[in-house]
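Enquirer: Below are the chains, spelled out letter by letter.
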Amino acid sequence: MTAATKSKRSEPPPAAKWTHRHLLGLEDVSADEIRLVLDHARHFKEVSTRDIKKVPALRGKTVVNLFFEASTRTRTSFEVAAKRLSADVLNITASGSSVTKGETLIDTVHTLEAYRIDILVMRHAASGAPHFLSRHCTSRIVNAGDGMHEHPTQALLDLFTMQERGKSFDGLKVAIIGDIIHSRVARSDILGLNKLGAHIVLCGPPTLVPKRFEEFGAQRTTRLDEALDGADVVYCLRMQFERQQANFLPSVDEYVRLFGVTAERLKRAKPDAIVMHPGPLNRGIELTSEVADSARSAVLDQVTNGVAVRMAVLFLLAGVN
Amino acid sequence: MKRNGTCLITGGRVIDPSQNLDTHADVLIRDGRVAEIGKGLKADKAATLDASGCVVAPGLIDMHVHLREPGFEYKEDIASGTRAAAHGGFTSVACMPNTNPVIDTPGVIDLICMRAEEAGVVNVFCIGAISTGLEGKDIANIGLLVEAGAVAVSDDGKGSQDNYVLRRALDYAKMFGVPYISHAEDKRLAADGVMHEGHYSTLLGLSGIPSASEEIHVARNAILAELTGTPCHIAHISSAGSVRIVREAKARGVPITAEVTPHHFALTDACITTYDANFKMNPPLRSEDDRQALLDGLRDGTIDCIVTDHAPHSWSEKQVEFPYAAFGVIGLETALSVACNELLHKGVLDLRGLIDRLTCAPAHILNLNTKGSLRKGVDGDVTVFDPDAETTVNADTFASKSRNTPFNGWKLKGAPVATVVAGHVVWNARAASKAEA
Ligand SMILES: [Zn+2]
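Residue numbers (my numbering), protein chains in the order written: chain A, 1 to 321; chain S, 1 to 437.
Worth flagging that the hints you see were computed from the coordinates, not collected in a lab.
Just so you know, not all the hints are guaranteed correct.
Here are the simulated lysine to aspartate or glutamate pairs, EDC-like style, with alpha carbons at most 20 Å apart [claimed, not checked]: (1) Lys211/A x Glu288/S; (2) Lys318/S x Glu103/A; (3) Lys167/A x Asp272/A.
Assemble the whole structure, with the sequences as input and the hints as a guide.
Expert: Put into structure tokens, the structure is as follows:
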């Protein structure tokens, strides 16, 4: 993940093959493999525009959404994706930690596997939980967010949305603003964008954007104007206010003053710059409603594209032996 | 535990740093004590141990283990823990006070001594709590603990978080001549960290424990050791900054010493990329730069001794998501092999230096006058090891009740061969393998 490993290619991908049993993160996914997912997503997005929004690709397969952390948006997106591929879907929302109930994660998954499931979509509060599980299970795992680590399908849908909005990645300036250190979205986006050759600027207070991130091929600034200058993509992260108690920030007011994206400040970005946000957004905090509802905003595209990208991922994983 | 054994160890290379000895000779232990070292010794009715091709050293001392008894016998107990020690070549261990109940009353020490007498395979020394219940609020009855046999006082597992209480405790402990063993960690700075704060914690999205959380306490301990004059021993030192602070304090004559574990000098935070909880410990595995500083500290004597911080945990406490897993790894049965492989064969220490850090140094720190040496008249504890034997770590064969080792499957050069406690051969690899054949 150093600058040296950054791919600078911009030509169309060769016929890359998807070989991973699991999608645990973007760390070990190559640039060509990312392009492969995006190509498939383009095809599957077309399916969603049809009258009958269904293809038989995963007929007879069972996809389980195993969510140890509530997330209606991500869970629904995966559910819609799996159903459009004709898979059977099971939603399991485990309340609280299974460990406290005396049942380990391994036990939980072995029980599920006894039903002969095929793909496990997993959201977990612990970083590395799907990696740990991948050593103990036979089904395919899709990481739908693990702690502060990765959220690969979010990053893939972000990349897809940028591409759809006419951005080519080589040299693309992407400003990512907000709580980077706790964000699995930011981590996956940095990894993915880096592999595709984009130029990443991280922006936020040093408590939330530690210097260490420069080791991952990203530039870092504490000045929003500097981050926005000439940006092609402005990516605002959701502020998680429960972290206030941990003294990462003095106040919401100060955050808005220093890092809130307004139409006025956005003038520094390229005229055709787009604004993105993984949702749900805090209007008036990360960005103003004016920005959120403008033509520049790609927030709803991100939601739509999430289904297409997740269809692509489920399809590719199901095809691996 | 049987005492007063008689045994003749023949044909080995005897290395005893305490008397500057490095010679090919036999060692005779009579009635539990070292009787004679010389060539061609004979002894009637003595068990004979063939040490040809091996090094014969004073019995290894591990001054930092968790035997888990009383309170957590499902992880380890005195019988299994001391058996593991014997398999690893250790003849003495000192157990930390974070048991349940905590070792903060003479009664708990009596219990451990009694159990060690009944079921122990090697010598067990107790380390008392420095504060009641290890809570860091009130000074423990250090006098009574020392009277019952405590060889040091420690806050291991917690770290003294209140500087005022620690200052008073150190002032008080001075009259008993025991060292304070510090688990150097500022808990507020460590926060909810589960691994070293650095490149890999950032990559893996795991909360980090900054080196500063250790270094602040190491610096504080040096300052308070200087103020009170009570010797302060830094447990499981892990960072380059800590090594530097200890080095500087020692140069000024502050009574401070330090220990390092095999996992900290052999491994780094890069090992955690698979989220395997067998690499989760506190202090955490740090960066390669830190590891190099630990090796430098061993080389120049800033780090006095090698300990295991043997911390057994059950399967279910480790086979969970990394952030939820218990901190700590076992080490008694791998320490000598890892030390030979990483220090001896990589030129960090020579045999004498290695043995010194596993015998004389810990004996000196804990004031164990009859241990860590092969001088005539001292306790007849001997470790025989083959520094060149090739071995593969197999946790399934461990005597410990737990399996939480980061070294499983490692091929290592150097292995313990036999362990002699008070003249009794309590473990012999060659006999064991013959029995299997
Ligand atoms: Zn400790």
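Enquirer: Take the hints in turn and mark each one as holding or not.
Expert: Cross-check of the supplied hints:
1. Lys211/A x Glu288/S: holds, 19 Å
2. Lys318/S x Glu103/A: holds, 14 Å
3. Lys167/A x Asp272/A: Satisfied, since the Cα-Cα distance of roughly 10 Å is no more than 20 Å.
Going through the hint list in order, the structure satisfies each hint without exception.
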